[in-house]
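Residue numbers (numbering that gives the first Met the number 0), protein chains in the order written: chain A, 0 to 83; chain B, 0 to 130; chain C, 0 to 98.
It should be emphasised that the hints constitute simulated quantities derived from the structure, not laboratory data. Keep in mind that the hints are not guaranteed to be accurate.
Output of the computed footprint for chain B on chain A, the stretches with three or more beta carbons under 8 Å from beta carbons of chain B [as the list claims (entries may be wrong)]:
{"id": "1", "segment": "42 to 49"}
{"id": "2", "segment": "61 to 74"}
So the derived label-pair ranges between C-beta atoms look like this [as the list claims (entries may be wrong)]:
{"id": "3", "chain 1": "B", "residue 1": "Lys125", "chain 2": "C", "residue 2": "Thr76", "range": "30 to 38 Å"}
{"id": "4", "chain 1": "C", "residue 1": "Ile31", "chain 2": "B", "residue 2": "Arg62", "range": "44 to 52 Å"}
{"id": "5", "chain 1": "B", "residue 1": "His14", "chain 2": "A", "residue 2": "Ala72", "range": "29 to 37 Å"}
{"id": "6", "chain 1": "B", "residue 1": "Arg54", "chain 2": "A", "residue 2": "Ala72", "range": "48 to 56 Å"}
{"id": "7", "chain 1": "A", "residue 1": "Leu14", "chain 2": "B", "residue 2": "Glu41", "range": "41 to 49 Å"}
{"id": "8", "chain 1": "B", "residue 1": "Tyr10", "chain 2": "C", "residue 2": "Thr64", "range": "48 to 56 Å"}
{"id": "9", "chain 1": "C", "residue 1": "Thr76", "chain 2": "B", "residue 2": "Arg58", "range": "42 to 50 Å"}
{"id": "10", "chain 1": "B", "residue 1": "Leu72", "chain 2": "C", "residue 2": "Phe17", "range": "31 to 39 Å"}
{"id": "11", "chain 1": "C", "residue 1": "Thr76", "chain 2": "A", "residue 2": "Arg27", "range": "22 to 30 Å"}
{"id": "12", "chain 1": "B", "residue 1": "Glu40", "chain 2": "C", "residue 2": "Leu14", "range": "47 to 55 Å"}
{"id": "13", "chain 1": "A", "residue 1": "Ala3", "chain 2": "C", "residue 2": "Arg41", "range": "29 to 37 Å"}
{"id": "14", "chain 1": "B", "residue 1": "Leu72", "chain 2": "C", "residue 2": "Thr16", "range": "54 to 62 Å"}
Every residue, glycine too, gets a C-beta built ideally from N, C-alpha and C.
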Amino acid sequence: MNAALYVLTSITMLLCAILLLRGWSRVRRKMLLWSGLCFVLLSVASLLKFIDLSIYKPDLYTWRLAATALGLALLLYGLIWESQ
Amino acid sequence: MSERTKSPDPYQFIHENVDSVPHLESLILLWNSRPVGWTEEELASRLYIPREQVRTVLRDLIRLQAVQEIAGLPTRYSYLPGTEEQDDLMRGIDDAYRRDLVRISTMIHSKASSSVREFAKAFRFKKDRDQ
Amino acid sequence: MIPVNQLGPIAHPTLDTFLLGFVCASSLVAAIFFLRFWRATRDRLFVAFTVFFAIEGANEAYTSTLRHPNVGSLAVTLIRLLAVIGILVAILWKNLAKE
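Please model the entire structure based on the sequences and the hints provided.
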C-alpha cells in the first residue's frame, strides 16, 4: 500500500513536471520552468521514499527531505517572482 | 492568427490572447502602420515601455502569428498579413480600442497573470485547444 | 517493512527537523498561492494543487510529532493517496471534459 502510494506519487509528479517543462519550452514563462523543476524533485523524493521502503540498509530519509525542500524552494521562487 | 469562428469578436480575441495593454497597443500600432517595420528601440520609445518589455511583447505577438521579424541590421518587426478574416478582426480590435479604451484596459488588467494562465494551459495534452 | 524497534537512530535529528519545518512551511505557502490562482482563474486544477500542498504541509507537521518519522501511518498514507489522485483526476477532467 505504502509502496503503491509512492510509486503513484512519483509518476504523477513526473507527469506534472513533463507537462510544465513542455509548456515552458513553448512559451518561456519562467514560472513554468521553476514549477516544472519542483515537480521533478518531488518525483525524485517520492522515488527515494519508495527505495527507502524496499531496501533496508541506507536510510534515505534526509535525502528525501532535502530533495523535497529544494523542490519547494524552487517552486516558491517561481511563484513569488513570476506570478505578479 | 489561428481562427476558428466565422465572425471573430475582437473583445473575445483580446480576452483570450492579449496579455497586457502594451501587447494590444503594439499590435494596433503595427497594424496601422503596415507594412512598415519597426525596431525594438523605436517601439520602446513610441509606446513608452522599456526595451525588455518590448522584447517580451514581440515574442508573444510572433507566437500569435500576428507579427513577423524582418531580418536586417537592426532587426525590424512588422504586422504579418493574413487572411481577410484576420484583417476584419484587426479592424474590429482597432475600432474597439478607440471607442472603449477604459473597458478594454480594465478587462486586460483583471485577467489572471499570463504565467498563471500558461500554467493551467500547460496541463492540456493537446496543444491547440482553446478554452 | 522494518519493524519499528529495529530502526536505526535518527541520523541527523537537527537537520531533519529543520528540513521538515521548511517543507511544511513552504508547502503551506505554495497551497496559499494555488488558492489565489484558483480564485483568479476558477480552474479546478488549482484546487487539486491547493489540496495537495496543504495536505503535504499538514503531513509534515504531523510527522514531526512521531517518534519515528520515517515510518508514517495508514491514515496519513490514505490521505496523501487521495491528494495525488485528486491531481490526476483534475488533469484528466481538464482534458476530457470539453469533448
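Each hint tested on the structure:
1. 42 to 49: Not satisfied, violated; 0 residues make the cut.
2. 61 to 74: violated (count 0)
3. Lys125/B <-> Thr76/C: 30 to 38 Å: holds (34 Å)
4. Ile31/C <-> Arg62/B: 44 to 52 Å: Given about 31 Å between the Cβ atoms, the range is violated.
5. His14/B <-> Ala72/A: 29 to 37 Å: Given a distance of about 35 Å, which is inside 29 to 37 Å, the answer is holds.
6. Arg54/B <-> Ala72/A: 48 to 56 Å: Check failed, 28 Å falls outside 48 to 56 Å.
7. Leu14/A <-> Glu41/B: 41 to 49 Å: Roughly 44 Å apart at Cβ, these two residues keep to the hinted range, so it holds.
8. Tyr10/B <-> Thr64/C: 48 to 56 Å: Holds, since Tyr10/B and Thr64/C (Cβ atoms, about 54 Å apart) stay within the stated range.
9. Thr76/C <-> Arg58/B: 42 to 50 Å: For Arg58/B against Thr76/C, whose Cβ atoms are near 45 Å apart, the range 42 to 50 Å holds.
10. Leu72/B <-> Phe17/C: 31 to 39 Å: violated (55 Å)
11. Thr76/C <-> Arg27/A: 22 to 30 Å: Taking Cβ atoms as reference, Thr76/C and Arg27/A lie about 38 Å apart, which means the hint is violated.
12. Glu40/B <-> Leu14/C: 47 to 55 Å: About 52 Å separates the Cβ atoms of Glu40/B and Leu14/C, which means 47 to 55 Å holds.
13. Ala3/A <-> Arg41/C: 29 to 37 Å: Holds, at about 33 Å.
14. Leu72/B <-> Thr16/C: 54 to 62 Å: 59 Å Cβ-Cβ, so the 54 to 62 Å window holds.
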